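Engineer: These are the residues of each chain, in order.
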Amino acid sequence: MILHKLTFAAAALALLAAGPGTPGPAFQAQARPVLSLRETLSIGGLDDDLLFQWTGLTVDRAGNIYVLDMMDDLLKKFDPNGKPAGRTGGKGLGPGEFLAPRLLDGTDRFLYATDQNVMGIMVFDHELKYRRLIRTPSLVSHLAALSDDRIAVTGLSMTGESAILIMDGEGKVISRWEYTERKSGFLQDSVSFAPDGRGGFLIAYLFQDRVERWSGPSARTWAKSYFGGEPVSTEKIGGFALPTETCFKDVALDSRGLIYVLGGNRAKHPGRDVLVLDSGGSLVQVLTLPEPSHCAYIDGKDRLYVRANDGVTIRRYEIRYE
Amino acid sequence: MSRRCASGRIRAAALLVLAAVCLAGTAPVLGAGICEEAFVRCFYDPDIIQFFNFMGSGGMFCAAGYVFCRTYVEPILG
Chain A
12 MILHKLTFAA
22 AALALLAAGP
32 GTPGPAFQAQ
42 ARPVLSLRET
52 LSIGGLDDDL
62 LFQWTGLTVD
72 RAGNIYVLDM
82 MDDLLKKFDP
92 NGKPAGRTGG
102 KGLGPGEFLA
112 PRLLDGTDRF
122 LYATDQNVMG
132 IMVFDHELKY
142 RRLIRTPSLV
152 SHLAALSDDR
162 IAVTGLSMTG
172 ESAILIMDGE
182 GKVISRWEYT
192 ERKSGFLQDS
202 VSFAPDGRGG
212 FLIAYLFQDR
222 VERWSGPSAR
232 TWAKSYFGGE
242 PVSTEKIGGF
252 ALPTETCFKD
262 VALDSRGLIY
272 VLGGNRAKHP
282 GRDVLVLDSG
292 GSLVQVLTLP
302 EPSHCAYIDG
312 KDRLYVRAND
322 GVTIRRYEIR
332 YE
Chain B
1235 MSRRCASGRI
1245 RAAALLVLAA
1255 VCLAGTAPVL
1265 GAGICEEAFV
1275 RCFYDPDIIQ
1285 FFNFMGSGGM
1295 FCAAGYVFCR
1305 TYVEPILG
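So the protein sequences, as listed, match chains A and B.
Going by our numbering, the residue at position 254 of the first sequence is 265; the numbering climbs one at a time, nothing skipped.
Going by our numbering, the residue at position 68 of the second sequence is 1302; the numbering climbs one at a time, nothing skipped.
Simulated from the structure, these hints should not be mistaken for laboratory data.
Some hints here could point you the wrong way.
To be verified - Taking CB as the label site, the calculated pair distances span:
(1) Q1284/B with G239/A: 18 to 28 Å
(2) D1279/B with K102/A: 32 to 42 Å
(3) G103/A with R1275/B: 21 to 31 Å
(4) D1279/B with E246/A: 40 to 50 Å
(5) L294/A with D1279/B: 38 to 48 Å
(6) V295/A with Q1284/B: 46 to 56 Å
(7) L294/A with Q1284/B: 24 to 34 Å
(8) K247/A with D1279/B: 34 to 44 Å
(9) S195/A with D1279/B: 23 to 33 Å
(10) P1280/B with K102/A: 19 to 29 Å
(11) G1267/B with E189/A: 38 to 48 Å
(12) P1280/B with Y332/A: 37 to 47 Å
(13) L104/A with G1267/B: 28 to 38 Å
Just so we're clear, the structure is a prediction, and the values are computed from it rather than from any experiment.
Quick reminder that beta carbons are idealized off the backbone N, C-alpha and C, glycines included.
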């Protein structure tokens, strides 16, 4: 019974995913464009069964693409040309199984995956063999693999953790980066974050108009707003003040140090506008994707991976610098 | 007042209270978006809460679902 309830939402999403997409690499140009995107790969489509509703994605040094699919509860591997190269997982609560796969990141040796129902991080190797579960103090809301034995996670809790936890491979907390000065309200501390390449983190708030750079556990380098800075409105529902707008859904960094922040529904084109910032947080350009995405992943070769066809397709773009 | 009349008034009052309770229960959902509605339904579903209390995550499962809905599902629904 509970499994049926949990899979209901995924089934509904599958029906939605059958709707038509709007492919095509059309981007809005700025007055003086600095960057442009060129599509170089597309995996999955409405006519095949490679992907159904992908969620988390990561890419290894060789260009292999790993992706979680919440419709068939699988971790899938594709080679750099987009050809299937393996799959593992399946529905369940056993080792290496998923009920609601969500986040994925990787290092040279391991892949780290989360499930919305599991307080922990599942570790796989690059051959998709399940290794172990790293326990976490709460449900994981975002993660970044820093090295083979260092993971950064944020968690969800009623009290609001509001901290990035740096954990070792056994789940021991090495350090805490508190990123809010005070309790900011239910879910207001929801963030995505990315290592900044200098030992710090970039933090983008889901329900606040804020992007921040932190160089140390208590050293915020800058904090900026890009949509006017007004607080997100909340709606009192069922005793909870739920935030009703999203500001930033994901943040990533390229090899040049440019920061890419995917805008939520406060953006002019919700889920499509990618704000490109310089290292100081100044807006360089806005790239507009042809379709909304829930994430923006940049690999080691400065290629951007986003969602298309409502989750049926992965699109890869080369970032071109003028 | 006759005993029959009093009984009728009590029954009517009970029906009014029941209706008010039902309306109060559904009021947070009326007019809310799909993510808000899903959150409320999740939070007040005894099976889900019991299961996730057992798993150790309790109501935060519903909060995680709300965040995921806002991030992933909302753009699909437009």
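Engineer: Give a verdict on every hint.
Structural biologist: Okay, the hints, checked on the actual structure:
1. A hinted range of 18 to 28 Å is violated for the C-beta pair Q1284/B and G239/A, which are about 43 Å apart.
2. Between D1279/B and K102/A the beta carbon distance is about 20 Å. The supplied range of 32 to 42 Å is therefore violated.
3. Checked against the hint of 21 to 31 Å, the pair G103/A and R1275/B passes, with Cβ atoms roughly 24 Å apart.
4. The hint said 40 to 50 Å for the Cβ distance between D1279/B and E246/A, and at roughly 20 Å that hint is violated.
5. At about 43 Å, the CB distance of L294/A to D1279/B agrees with the hint of 38 to 48 Å.
6. In this structure the hint that V295/A and Q1284/B lie 46 to 56 Å apart at CB holds, the actual value being about 50 Å.
7. Separation of L294/A from Q1284/B is about 48 Å and departs from the stated range, judged on CB atoms against 24 to 34 Å.
8. Distance hint for K247/A and D1279/B: a CB-CB separation of about 20 Å, inconsistent with the stated range 34 to 44 Å.
9. Checked against the given bound of 23 to 33 Å, the beta carbons of S195/A and D1279/B, roughly 28 Å apart, stay inside it.
10. At roughly 23 Å, the beta carbons of P1280/B and K102/A sit within the given window of 19 to 29 Å.
11. With their beta carbons about 31 Å apart, G1267/B and E189/A fall outside the hinted range of 38 to 48 Å.
12. Judged by the Cβ atoms, the range 37 to 47 Å given for P1280/B and Y332/A is violated: they are separated by roughly 55 Å.
13. At roughly 30 Å, the beta carbons of L104/A and G1267/B sit within the given window of 28 to 38 Å.
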